[in-house]
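Each chain, letter by letter, is given below.
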Amino acid sequence: MKSGEEYEIYPLGERAATVRFGAVIDPDIHNRVRAMMSVLREKPFPGLVEAAPAFTSVTVYYDPLRVASDAATPYDAVCLHLKETLLQAELHPPKAPRTVEIPVCYDGGFGPDLAQVAEWNGLTKEEVIRIHSEPVYTIYMIGFAPGFPYLGGMSERIAAPRKSSPRMMVPAGSVGIAGKQTGIYPLNSPGGWQIIGRTPLELFRPGHIPPSLLQAGDLVRFCPIRKEEYEHLKERGE
Amino acid sequence: MSLIIHHPGLLTTVQDAGRQGFLQYGVTESGAMDTYALRIANLLAGNSERAAALELTLNGGSFEFAEDMLIAVCGADMSAAIGSVAVPMWKPVFVRKGSVMSFGRAVSGCRTYLAAAGGLDVTEVMGSAGTYLRGGFGGYGGRALQKGDHLRTGAKSDWSLRQIAQLSGRCGEREFAAAAWSAGSIQVVSYLYQPFVRAMRGHEFDLFKAESRELFFDGIFRVESPSDRMGYLLSGERLSLTAPQEAISEAVAFGTVQVPPSGSPIVLMADHPTTGGYPRIAQAAFVDLPVLAQTKPGESVRFREITLAEAQRLYAVKEMEIRQLREAISLK
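Residue numbers (full-length UniProt numbering), protein chains in the order written: chain A, 1 to 238; chain B, 1 to 332.
To be clear, the hints were calculated from the coordinates, so they are not data collected in a lab.
All C-beta atoms in this analysis are idealised placements derived from N, C-alpha and C, irrespective of residue type, glycine included.
A couple of the hints might just be wrong.
[Stated by the list, open to error] Now the in silico label distances, taken between C-beta atoms and shown as ranges: (1) B/Phe217 with A/Pro190: 32 to 42 Å; (2) B/Thr307 with A/Asp107: 49 to 59 Å; (3) A/Asp107 with B/Gly127: 36 to 46 Å; (4) B/Leu161 with A/Pro171: 45 to 55 Å.
Assemble the whole structure, with the sequences as input and the hints as a guide.
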């Protein structure tokens, strides 16, 4: 068996099962996650309720009473369905991802920790902004909180530890750094990330389908904007 | 308007059987913490099992019915009463227009469900009436109920209308009349002292020290404050890994038992984050999630190990019991 075809399946309780493709965050594994999600969307197996992708895995949630099969248990039946899904996924590589541009205002008081991140890394604020807005990031998953994207691809040159005590309220749209990760807060929430900017886009809109602007598998680029542009886009959005 | 909130109680929210299909966007299930009590309350009020009802937490509240109504109260016993007369639980109750129903402190259990015929009529968000407080959406304006709020109910089923006709005839001068029958033995959760919660080994079970693995299924855990709709923080036994782990976040579920570096387990509940990175020592069986949901902070629980096959069998048995109850009720 080629290494690219390896996976393990294990239960997450009696109503869910996880397929894990590996133990490292890696573009090839991410593509296998995307391929599997796309097959599950197009050809859901009987009893599938929903599926959620993560960094290296896909978890399927199912109704144990509707997983039709001769297998001994509903879980055994789901494993058979998943193996079939995986075969299909090997044959159908995922479509090219879309790229979403996220305008970010790094000044104007929206990046209270920008100076600290710069100082920590021996850089100027401008250098931090340039390094942060240069790469194309991959969204590995949306998780933890509604619409919260986990982005891969940040340069370690701007890595910074979390704040020693979290803020009580980080405004929605705040762009932050925690360790080697960067992310965007979709909702007002408490948080300990170093905040370097803010986007005027609404990442999470409960009334929309889908409710999350970003989706697992999307590519993201941050585009620096001035405060006037931020205000303009914010106004237009509302 | 069918239901007027005179006093909301400690934390009263609109909940249904939960949100499905949005985990991939980071949107959690929400919905009732004790789904069995919610489903049975709905059946007894003549609703579909998944309909929206009130979830009362620890300490009641009082609610006025602005029209003649068929209701059912299930879950924790909060000494429901109209005037000074106790209202029986786990059965259909006809309530006359203008009556005010009050609930006190939870005598046993933690969460009470008040279902009204027709179901609570709120705008569904992402296919569900469940309130997700942290996200500020779902239910009644995405928030807990407040004094003065008015809630509408939907169209009553033929079954509800028939019960109302029968029971109102027997009501006489009284403010309410309860059916002679109840959900009886299906009364799913007996809210015991130190209940057992059946649980399966989690995916990272073997990464824990042998002693911790034993302690998890032998020990007694206290439900600590703050424990809420997002998760139950347990104390008692400190659980540790054989070696520190750098885990990559992946999906979790209602009932997942995670162990952060502090060593005190956390059981994820209805409003859980959709993903987590802490090692998962166990997964509470779905059939026993109501037992946990009805355990108050300060009370204790114990876990007992079962296999996945057993958990799936118990799930099927419970669903069959509810189906039988649904059929029995439809014949009333």
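Hint-by-hint comparison with the structure:
1. B/Phe217 with A/Pro190: 32 to 42 Å: holds (34 Å)
2. B/Thr307 with A/Asp107: 49 to 59 Å: Given a distance of about 58 Å, which is inside 49 to 59 Å, the answer is holds.
3. A/Asp107 with B/Gly127: 36 to 46 Å: Hint holds: Cβ distance 41 Å, inside 36 to 46 Å.
4. B/Leu161 with A/Pro171: 45 to 55 Å: holds (50 Å)
Every hint from the earlier list agrees with this structure, and none is contradicted.
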